[in-house]
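S.K.: Protein chains in written order, with the working numbering: chain A, 1 to 222; chain B, 1 to 295; chain C, 1 to 411.
Rather than coming from a laboratory, the hints here were simulated on the basis of the structure. None of these values were measured; they are calculated from a predicted model. It is possible that part of the hints are untrue.
[What the hints assert, rightly or not] DSS-like mimics (lysine-lysine), calculated; alpha carbons at most 30 Å apart, straight line: (1) Lys121(C) x Lys185(A); (2) Lys185(A) x Lys241(C); (3) Lys219(A) x Lys3(A); (4) Lys85(A) x Lys121(B).
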Amino acid sequence: MWKSIVYKEWLKIRWFLIGFTILGIVGIGYLFLKVQHGFTFQGGTSFWYNILFMGLQFFGFFKYFPLLGGLIIGVAQYFPETINKRIKLTFHLPLKENNVLLIMHAIGVVCLVLSYMLLLGVFITLSTIYFPSQMVFDSVVSVTPWFLAGLVAYFFVALIVLEPVWMYRLLYAMVAGFFVNIYVKSPVIAAYGPAIPGLFVLTILMSVVLLFSAYRFRKGEM
Amino acid sequence: MGNVIECNNLTHYYGKKMVYENLNIHVREGSILGLLGKNGTGKTTTINILNGFLQPRSGECLIYGENSQHLPPATKARIGFLIEGHIQYAFMNIHQIEKFYSGFYPNWKPAPYWELMSRLKVTPTQKISTMSCGQRSQVALGLILAQNPDLLILDDFSMGLDPGYRRLFIDYLREYAKAENKTIFTTSHIIQDMERLIDDVLIMDYNRVLAQCPISEFMTTFKRFDFELENDQVDLKNLKFVKNLEMVKNKVELYTYESKEFVQKFLENNGVGHKGFNQVKMELEDAFIGLTGKY
Amino acid sequence: MEKFSRIILVLGAILVLAITLPMLYWMAFEKPIKKPFVLYSCIDKDFFILRAGTPITFEDNKGNKYTREKYEQKLPMWYFQQLMVSGLMPDTINGKAIDMHDIGRNKSFERFKPEDMNCPKPKFFPMFESQSGRASLELPNDYFRITWRVEFIDAGTNKILEEKSQLFSAALYHKDFAFPATKIEGLPTTRKSCDEGYLIVDSSNELFHVKMIKGKPFVKKIDLPDGLKFKHIICVDFKDKKYYAYLFSEKNEIYILTQDEYELIKFPVTEFNAENCDLKIYGDLFNYNVTVEAEGHTDVIILDKEYKKVDSYHESWPLLSERTEDKIFGYLFPGELSMEDPNSKYINFYWKGSGNLGWIILNLLLLAVHFLILRRREAKLKGHAVDLALVAVTGIYGFLAVNLFQNKFFD
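Go ahead and model the full structure; you've got the sequences and the hints to work with.
M.R.: Next comes the structure, spelled out in structure tokens:
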């Protein structure tokens, strides 16, 4: 049965996921084209210097990209479920309602994480051409919260989209907005280091919030 | 044979507005029940409660002995559910959706589905969302037939079907249900078809049930008498045996469960002058309108 | 599971509220503190204070008011340029003839904030050539790190320069350097008068001075008194070339490291704490002015050119916790959460409890209100134990969160 759910979720999100991933790879390509250009024109020395001592985040324009991915995948996956309340069909499947949702959610998370890993992998691989591992590591520490923000956005989109009452959607959206803000604060490289374990825990916890709005839907809140 | 659906003392409100109170519904195994009622009388509310998408204020619905609010997966597998408007995953095409659903039901019988699909003029890759209303309805119905459930809950299944096809489908459905001992709980806007399909009728009005009985019993006991009053000031509306009365000037349509003799005798005993008294034969739709009123 | 998901959502909302509400509160009600700007007059041998506001006031230590011009004339070292422009610069001070070049040469200014210490540090540094024979410094093409050895990495090719790395590693090794380095501090900029390399703390808290002279490593292990550990080092490039750096010890002592003799001299300043005090050290022809600014007070310590204390000034203002807006805060909120801290550049979950316990009253009140709400809804208390506990502990945050996302579960 879960294979059928994988199939359905894949049908919904595949083009968005592929599109997002390609866009991401193109974006990273552009990023390193710029790095290459910088190395050629300014020289590697001053490019490094700007990163090390001038606070340059050469990957900074990437900040909201994982967030965008979370939003896109979340909407692509859950919005079709709410058109004409199709989620009723999903709940009617011979599975426990929460299990269906959690399987759907897990599929979305796996797809999103795979895409993120691919992007991060490309980023790291290209980074190691230009920068030593410690600088790459600091960059990874800087971008990790952004990817977590993408997951959190995905979780909140599910919560918001499945909610039957508009007022509640608004409330969720406000919580979501402030919540995501926690992940995208400082532009200082590697400043997020001490907070990352906590952010991981928060992110994992938020993965179940959609069950609340889905429950409200099932009980006929309006 | 036992009851497949049993709703006991169902009460629901939307906020302060009562939908109904202490509603009791029973659907026997192997029977076809038609739930009729005007818009807003609680048909969809009842369907939602039956499918666990609405928690009633009080009371409960049992399907195969299980509370409809917490149906175990095995019971859900026995229920085919057609959502009003033939809603389906419209982002799939007919092959994808069949592949999707077949994974859930061990008794999946794709033959009736493909038979229906073969008659649709759709391309194999055409998404359901781009199909016509009628085509979509056939996809949704075909899937339910393929699921081969023991209980079919069909919310307004005839919507969007061509008259000819509707007739065909109803005949097919009835034969199918009777041959395989399926139970059907259905609502429909188009009442004339229901007569051919259903065994039992449940007619709902605002806040109450007007009738719940076998359709044959309803059609024989519920009657319409037409006559002309000599004095159109006479008030017959609030009499106990009169279920409904439609009056245009002095022409009266009187609906009742009582016999022709009873009504005539009543009119004579109470000195109500009238002429042209006769019983009018009714179709289900006439009877429904007669019972629930035109407004 | 649904109940669990709701609790998570409520906790998320509490987190967000605990960040947002205090932020909004402070935005609305926080009043600025006008901190005095204190300078020491080499003429009067006393403190002069500038107070921001409308209008700006200038006064001496006894409260006498001055005009701006008079005030500036009392502080010729600080307002030297202004006095030159207005032609009011004295030729002699305290009977001593003034050489303008001396003033410039003896002028130094350094500023420290705790966040300069509590921040992610770069791990690579450029090793300048200290005696290149050129007038200006040039940025080298490679950067070094000190892990299990010294490694120079060419920025153009991202490859380790093996020969140079071995050369420097060996030099450090011979001076008993315990790899890896725990602190590398220098002035990694070409905008300095000359290069003095880096002050490096090794794994056994020993201090080294490392620079490159004509392509060769220069390594000097600096003798430290027993038990002296540094938590922060600020390298300086002052014209007088008296010392390499300010060094803060774990015990919050301020040292300077003199040039050439490598003598550590402790400033007679006890008021400083690098974790939460701003520090300004302003040196001129006659004195060093050490300004320590903490929450609620400022201390200005004046040293002579031999680093001996000559005078000090203390002024305090109400601590935040003594001010009305913080007292009211304490009655509303159990505390505040922030991802940022004024004393650190790191992002973390910074929780600051309220200055008083007034919030307990509100918590109990809200608990009672929530109890009444549940009563009116005829809810069974057992199913709401978590909600009640959240309201009791987190007060207004929990109260808002549990009521926004109501616990309406059907049995």
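S.K.: All the hints need checking, so say for each whether the structure fits it.
M.R.: To see whether the hints hold, each was checked on the structure:
no.: 1; hint: Lys121(C) x Lys185(A); result: holds, 18 Å
no.: 2; hint: Lys185(A) x Lys241(C); result: violated, 40 Å
no.: 3; hint: Lys219(A) x Lys3(A); result: holds, 28 Å
no.: 4; hint: Lys85(A) x Lys121(B); result: holds, 27 Å
Checked against the numbered hints above, the structure violates only hint 2.
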